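With the hints as your guide, set chains B and C onto chain A.
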Amino acid sequence: MNFDIALALDLIGVFFFALSGSLLAARKGFDVVGSLLLGSLVGLGGGTVRDVIINDGPPAAFSNPMYLIPPIAAAVLVFFLYQSVDARGNLLTVFDALGLGLFCVTGTVKAVNAGLNPVSAILLGVTTAVGGGLLRDITANEVPKLFDNRDIYAVPAFVGAGLTTLLLELHVLNLYTGTSTAILVFALRMISWHFHWHVPLAVHRRQRRGAKAS
Amino acid sequence: MNFDIALALDLIGVFFFALSGSLLAARKGFDVVGSLLLGSLVGLGGGTVRDVIINDGPPAAFSNPMYLIPPIAAAVLVFFLYQSVDARGNLLTVFDALGLGLFCVTGTVKAVNAGLNPVSAILLGVTTAVGGGLLRDITANEVPKLFDNRDIYAVPAFVGAGLTTLLLELHVLNLYTGTSTAILVFALRMISWHFHWHVPLAVHRRQRRGAKAS
Amino acid sequence: MNFDIALALDLIGVFFFALSGSLLAARKGFDVVGSLLLGSLVGLGGGTVRDVIINDGPPAAFSNPMYLIPPIAAAVLVFFLYQSVDARGNLLTVFDALGLGLFCVTGTVKAVNAGLNPVSAILLGVTTAVGGGLLRDITANEVPKLFDNRDIYAVPAFVGAGLTTLLLELHVLNLYTGTSTAILVFALRMISWHFHWHVPLAVHRRQRRGAKAS
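Protein chains in written order, with the numbering used here: chain A, 1 to 214; chain B, 1 to 214; chain C, 1 to 214.
The following block holds chain A by itself, in its conformation from the complex (with noise of 0.2 Å):
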């Protein structure tokens, strides 16, 4: 994957984590620079996060400038089409996910181009796809999705950033693979939210009598 279409793929992924916080922000009822900083929280926190630990100059977000449009873009488009779309509230895990999918590739690509060992590199890229979504819900101090057990959010994330790692090896990561790993991770996001695919509890449960958490 060359690093224009790397560069792309991490912009996109950027302005859909910031929709996701601009869509939180409207509703908590934050003001439009709320909304306009909530985004950049989310859109380029995890990826500052990964570039922060990859230790190499200053992160994306801090030296290329184009990274700021996407979440001025977002800010925009909340506050002018928030009120026609955001009827069922659906929106924010879509963008959530869209995010999460492009996120583990590039957050993937980067640690390995970085020199990372291909463990490390899929640990980092699942830190990138999950941080920015994390800060935003402890910033609004709401349940984080990454902890929800009503359904599964790392675990496409560990998935994305496997096949990832497994098609740079094979020296067959490009565009049409980068994007079909997303959009697997994506859909296997959704499809869990919807039918409410989980994994077991913390605790395994050997008997159902009196086997309440503290």
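If you are wondering where the hints come from, they were derived from the structure by calculation, not from laboratory data. Careful, some of the hints might be misleading.
[As the list claims (entries may be wrong)] Under 10 Å between C-beta atoms, here's a sample of chain C residues computed to sit facing chain A:
hint, residue
1, Leu36
2, Ser40
3, Ser63
4, Phe80
5, Ala187
6, Trp193
Predicted model only: the values in this text are computed from it and were never measured. Note that CB positions come from ideal geometry on N, CA and C, so glycine has one too.
Just chains B and C now, with coordinates in the frame of chain A:
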């Protein structure tokens, strides 16, 4: 602006933000060590985030022990004087605004000196200025001042960071123009707080009937 | 203290902190992936903040895959054994205190080895020790143990980081003195927790009548 002036303004900013942290700790019933730690987090957090993003060696707070003096002084002052002065509870907002004014100037100067482009320098200056207070409010489980829609908080920081960049470009930033910028930001923040100056909400309302955000 | 011993103590600290994270996840009703992620955040968060601040290449957790073993082991242990052992709910505090003891030693050693001055090394050691637990409590929306005024939390970490710096200066830090320091910190924390040892509140009360903090 030479190095000593920038350092002095930065340390004064740390002191004001640390005061806001220790005051909040006092209100929340924390102990004196919690007061010192929350003061340190607020006073040193924004600058540490800034220096981590600039990525040029350990952050100032971890390489120059002088940065530890303002948080200690703030915790001591709050310990002995809190009962005498904080009758109306407005002091936290005042100290926070003083820190905001100083940090958007010193943060922008550091960003430009580190070689960031003007747009990124403004972004990093604003991040420095609002970062400590955001960490304070999230840690103490308060609604972040940054997202309070009854007045403006980030807008004065943007104005200050923009003006600082302009003064630097024109080679006229010095103790007087820098301090004036900080005072302007402080005044803008306090006036907006007093008179409830605010910006539009995140969502444009085209009609007044029944448009309650979900 | 040679490198292997420092690494071993660090990994054991990661394991204890990860256990505290997975235990909290179990209590909060998270799923097993959430347990693994919260355990990883707590176990690896403090050290990652430390390494990002030291600014010398990617953090240990993202360059040495061995760091992923303790969080996985912790999540598996909690999954199978939680029902059998956590009757009284004190285990979280015990594991957290064990992590605190080990991390204030290993964090300080890493800081000194990275060339920080003694004062900054103590500060970074304490940050490493309290960072993971603070991230845990903020993420799970609990009152941070760090700010609980019924016992002491940061004070033992300061004692441990200070002692470690002293032992390093005297060239007598080794497996035995290092472990002893960690055990001392653990004991101090547990004793303060059991007997409600505490420090004065953030505000000095000169009189008893009507002095209710607003």
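Original post:
Quick one, is the C/Leu36 hint okay against chain A at 10 Å, beta carbons?
Top reply: holds, 8 Å
**OP:** Let me know if the C-beta of C/Ser63 comes in closer than 10 Å to any C-beta of chain A, holds or violated.
**Re:** holds, 6 Å
Subject >> Evaluation of the interface hint that places C/Ser40 against chain A, nearest CB under 10 Å >> reply: It holds, given that the least Cβ distance between C/Ser40 and chain A is near 8 Å, below 10 Å.
**OP:** For the hint on C/Ala187, just tell me whether its beta-carbon gets within less than 10 Å of chain A.
**Re:** With a closest approach of 26 Å, the C/Ala187 hint is violated.
**OP:** Classify the hint on C/Trp193 as holds or violated, based on whether any CB of chain A lies nearer than 10 Å to its CB.
**Re:** The hint is violated - C/Trp193 has no Cβ within 10 Å of chain A, the shortest such distance being about 18 Å.
Subject >> Hint check, C/Phe80 versus chain A [nearest Cβ-Cβ separation less than 10 Å] >> reply: With a closest approach of 5 Å, the C/Phe80 hint holds.
Of the numbered hints listed earlier, those contradicted by the structure are 5, 6.
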